[in-house]
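Novice: Sequence:
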Amino acid sequence: MKTILFAILFFAAMLYAQTDESKLGNELTLTEKTKISDIISDPESYIDQVVLVEGEVLEVCPQMGCWMELKSDSQNEDAVEVEKIKVKVKDGDIIFPMEAVGHNALVEGKVYKIELTQEEAVGYYEHIAEESGKDFDPASVTGPVTLYQIKGLGAEIHPKDG
0 MKTILFAILF FAAMLYAQTD ESKLGNELTL TEKTKISDII SDPESYIDQV
50 VLVEGEVLEV CPQMGCWMEL KSDSQNEDAV EVEKIKVKVK DGDIIFPMEA
100 VGHNALVEGK VYKIELTQEE AVGYYEHIAE ESGKDFDPAS VTGPVTLYQI
150 KGLGAEIHPK DG
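In numbering that gives the first Met the number 0, the protein residues as written are 0 to 161.
It is worth saying that the hints were derived from the structure and are not from the lab.
Treat the hints with care, as some may be off.
With a cut-off of at most 27 Å between alpha-carbon atoms, the simulated DSS-like pairs for lysine-lysine come out as follows [stated by the list, open to error]:
hint	residue 1	residue 2
1	K112	K32
2	K83	K22
3	K32	K150
4	K70	K22
5	K112	K34
6	K32	K83
7	K85	K34
8	K70	K109
9	K70	K112
10	K89	K34
11	K70	K34
12	K22	K89
13	K70	K150
14	K70	K32
Cβ-Cβ distance ranges computed for the label pairs, FRET-style [said to hold, decoys possible]:
hint	residue 1	residue 2	range
15	L29	F135	31 to 39 Å
16	K159	S40	20 to 28 Å
17	E114	P158	33 to 41 Å
18	D136	K34	28 to 36 Å
19	P96	D134	22 to 30 Å
Yeah, the Cβ is synthetic: ideal placement off N, Cα and C, and Gly gets one too.
With these hints in hand, go ahead and build the complete structure from the sequences.
Specialist: Next comes the structure, spelled out in C-alpha cells:
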C-alpha cells in the first residue's frame with residue numbers, strides 16, 4: 000500500500016513540476032500583447048515600456064540560458080532574415096531551457112536600447128557567434144550598431160500548438 004501511495008505522490012509531483020516548468024521568473028501581469036513587429040518597426044516609441052510579447056522561440060543561449068530570440072509575427076516573405084527580438088536576462092535570474100526552441104513563448108519585459116561603437120559591436124557579435132558555435136566575419140560590421148532588446152521579467156513556454 001505504501002508503494003502505491005508513494006507512486007501516486009511521485010507522479011503527482013512530476014505532473015506539478017512539468018506544468019510549473021513552463022513558467023519562468025515573475026508571474027505575467029499584463030494581458031494585452033504587443034506585436035513584436037510593432038516594436039521592430041518603431042522601437043524608440045517602446046523604450047522603457049513593459050510589454051507582453053508572444054512568439055516562437057528561435058534560439059536560446061546554449062551557455063547560460065540567459066537569452067532567447069523570439070520570432071516576429073511579421074510574415075515578410077521578401078526579408079533576407081527572419082524578424083526577431085532578443086529577450087535578455089541577467090545571468091541566473093531566469094534560465095531559458097534549450098528545449099524551448101520551437102515552442103511558443105509569452106514574455107513580459109522592458110524594452111531597452113543598446114548603442115555600440117563599431118569596435119563594441121564587433122566584440123558583441125563575436126561573443127554571440129562564439130556562444131552559438133557559429134562563424135563570424137568582423138568585416139560584416141561596418142559602423143556603430145543600435146540594438147533593441149527586451150529585459151525579461153517573466154515568461155511562459157507553451158507547446159507550439161498550445
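Novice: Which numbered hints are broken by the structure, listed smallest first?
Specialist: Structure breaks no hint.
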